[in-house]
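Chains as they are written, first to last, in the working numbering: chain X, 4 to 236; chain V, 2 to 226; chain F, 16 to 279; chain Y, 260 to 303.
Source of the hints: derived by calculation from the structure; they are not laboratory data. Even for Gly, the Cβ is constructed at its ideal location relative to N, Cα and C. Some clues are possibly wrong.
To be verified - So these bits of chain F aren't anywhere near chain Y, every CB distance computed over 12 Å:
id: 1; residue: T43
id: 2; residue: G47
id: 3; residue: R76
id: 4; residue: V98
id: 5; residue: W136
id: 6; residue: A155
id: 7; residue: F158
id: 8; residue: V159
id: 9; residue: L162
id: 10; residue: R169
id: 11; residue: D171
id: 12; residue: A200
id: 13; residue: N220
id: 14; residue: A262
To be verified - Which chain V residues face chain F? A few, computed with CB under 7 Å, are given here:
id: 15; residue: P20
id: 16; residue: G24
id: 17; residue: V183
id: 18; residue: G184
id: 19; residue: G186
id: 20; residue: G211
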Amino acid sequence: MIEHARLIAAKDLKIEWSSRVLTAQVIPFGVLVLVLFGFGIPPDRRVLASEGGASRSLLEQASPGLFWLAVLFSLLLALNRSFAVEAADGNLDALRLAGFDPAGVFLGKSGAIVCELLVLELVVGTGAFLLYGPPLHDALQLCAVVVTTTLAMSFAGTLYGALGAGLRLRDTLVPLLVLPVLAPVLLAATRATESALFGPSSEGWAWVGFLGAFALLYLGAGILSFGSLLEES
Amino acid sequence: MSKPVVRLRGVVSLIGRFPALAGADFAVSEGEVVLLQGPNGAGKSTLLRVCAGLASVHNGTGEVFGFDLTTRSGQREVRRRVGLLSHATALYDELTVEDNVRFWAAAANADVGAADAAMDRLGVGGRLRSIRVAGLSAGQRRRTSLAVLVARRPMLWLLDEPHAGLDAEGRDLIDELVHQAVGQGATAIVASHELDRVDSLATRTVHVVGGQAMEVRGPGQAGAG
Amino acid sequence: MTTEISPEPASKTTTMTDAVTSTGSKVTRVLGALSLVSIALLLAFGLLVSPPEIAQGDSVRLFYIHVPSAIVCLYIAFSITLVGSIIYLRNQSTFWDLMAGAAAEVGVVFLGFTLVTGMLWGKPTWGTYWTWDPRLTSTAVSFVLYLGYLAVRRLDMDPVARSKRAAILGIISFANLIIIRYSVAWWRSLHQGQTLDPRDTQLDNTMLFSFVLGVLALTMTFAWLVIHRFRIAWLEHQLEAQQLELAIAERTSQGPTGLAHGGA
Amino acid sequence: MGWEYVVPGYLIVFGVLAIYAVSLIRRGRRLSEQLPPEKRRFLD
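This is chain X alone, in the form it adopts within the complex (with noise of 0.2 Å):
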């Protein structure tokens, strides 16, 4: 299952690779949706932060939000991506041919996932920082969230896109299908991020945990559901 898996996620890395989708395209695309969340939110209205009657501008109160919302739609472009090499000149069904262990392409295609993510969120999380200016209390937390929420991202994103995949409607039906799920890991996430960027640290740990179990859940789910999902078209 392991060796099935690192066969899949290396495969999908590749093509990511040599196709640059991911650099050329998916970030750039995450990095714009930051600058135009700036165009809805005038920058300079100011507000009071809870405590200390210190002022925060309106976009850096919302960046943690406005970060994980530019994630979520890149998020959609990957999955996108990750089906539609699957779906072109019969991969499907050499895919089911090769002998490959259900949970071994559940976990090889949500773990590329997962890499490009990171990559993504690296680059459009420094673009945050830099057009939103947060501060940043907690920086341990913060990693804590970013790998938490990708996992949990990842992995019922890769569920769901397998439901579509194969589909004439793919495209349309995964959106449809994934955001009303990843609408309490968004929640959670901006929660959390919120926690570690502006203090104080213990309410962030709790939407950490809850993001945790999220991404387990839908782990244990990916891996039972799989082989029915893919192996029938």
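We have chain X; now place chains V, F and Y onto it with these hints.
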């Protein structure tokens, strides 16, 4: 002397809601090279996909290598043991020839040496190895796809119009490959319109018409055995 | 799905035998009558007999349909979908597959009612149609969640594979439903208290009776709708099976004749 | 107080219910006409 490899009885298989196979009876023994013949839309491709464990059996019974095609676990066992060359080449455009062949070979637990040997054998080794599949000609794609098949060393070869899009040299190569595989104990089912080519190869011809398979005893072709 | 068939063989039999041509039956007719009576009673008690509430005034009357429809869809409908999906995955029972789909569709309708009445109640009470009330927010997300489930059920693909995908989705959607409600409630409880909790409402006896009536009326209506929706799905399934048999027979008949031509 | 929200609420809910119920009945009639009676088993 000859063990049964494929045994289908009254198989109905659907594409969407269309019965591509409507009660097909079909049997193949070990070491045979069976030629499938028939007009377009007769169900040849679906017959091959059923034998590959890909198309599901809606009605009837089917076994390949003794594994039940009506169960998912049986289908999974069958899939591991067959090689299917279909109209689609099942290659990743963005990857090189070498990456593609090695990926699919590794998936089937074949070693790197087998993959390399297969590429050389099909004439896509050397300079072509490091070219992306997107940049290949149709014939070269097909050769690459065949290299994957050869590297996997399947026990049952399912070839759907294998000669299409290949030059004379490539066609000879296919015949040679099938011959060699059968010599080593494999079995082959070939769907083709090019009778003159396959006649020399086939031990038996089966007509596929209207989603059914009909035995034909052509001149000079003894039945199974 | 059903319009493109040729009705020749079927319509002949129905004109000959004088059978009922509807999805009704004795059970559903009784159930339908009871639903209508209880709805009439609900309208009478909910709108006329019961008094306005002290704090909310007449808008409390929306509760008599808001809360029951929430109970019906969240506790009954989607539970049926969950159970049906599990049973289908275990033994490929067509009955439970179709039942899961029927319950989900009617459930989504009731979820829509919950959403609309909740917003209409919010306007006079909170001064706005939409507040980020945990119940309202999670209901809206769940609504989209189950719309997705219904979209998968309508996909044009191999019916068995579709049923399997739908069943998997039916199970994880229920888990998602819980996750969404839980997380949204947690989020709101951390940030701001609710101005007016629906549960604090003071109910006198007539109001309580109207509420119970609402639960009764909507539950029976739900049952009636699900049974009819299920029967439609069942008929569609039968019709598809019949068409398939025809198609197979037609294809089979092509066999020998085609061979005679090809083999000659 | 509140009647202007109560009335539309009741109208929407029971209106949609009525439309939905009628559409189900009609769909059922149309479908069952296309099937022989012995296929109309409802398992209830």
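Status of each hint after checking the structure:
no., hint, verdict
1, T43, "violated, 8 Å"
2, G47, "violated, 8 Å"
3, R76, "violated, 5 Å"
4, V98, "holds, 16 Å"
5, W136, "violated, 7 Å"
6, A155, "holds, 16 Å"
7, F158, "holds, 14 Å"
8, V159, "holds, 18 Å"
9, L162, "holds, 16 Å"
10, R169, "holds, 15 Å"
11, D171, "holds, 19 Å"
12, A200, "holds, 24 Å"
13, N220, "holds, 20 Å"
14, A262, "holds, 16 Å"
15, P20, "holds, 5 Å"
16, G24, "holds, 5 Å"
17, V183, "violated, 26 Å"
18, G184, "violated, 31 Å"
19, G186, "violated, 32 Å"
20, G211, "holds, 3 Å"
Going through the hint list in order, the structure does not satisfy hints 1, 2, 3, 5, 17, 18 and 19.
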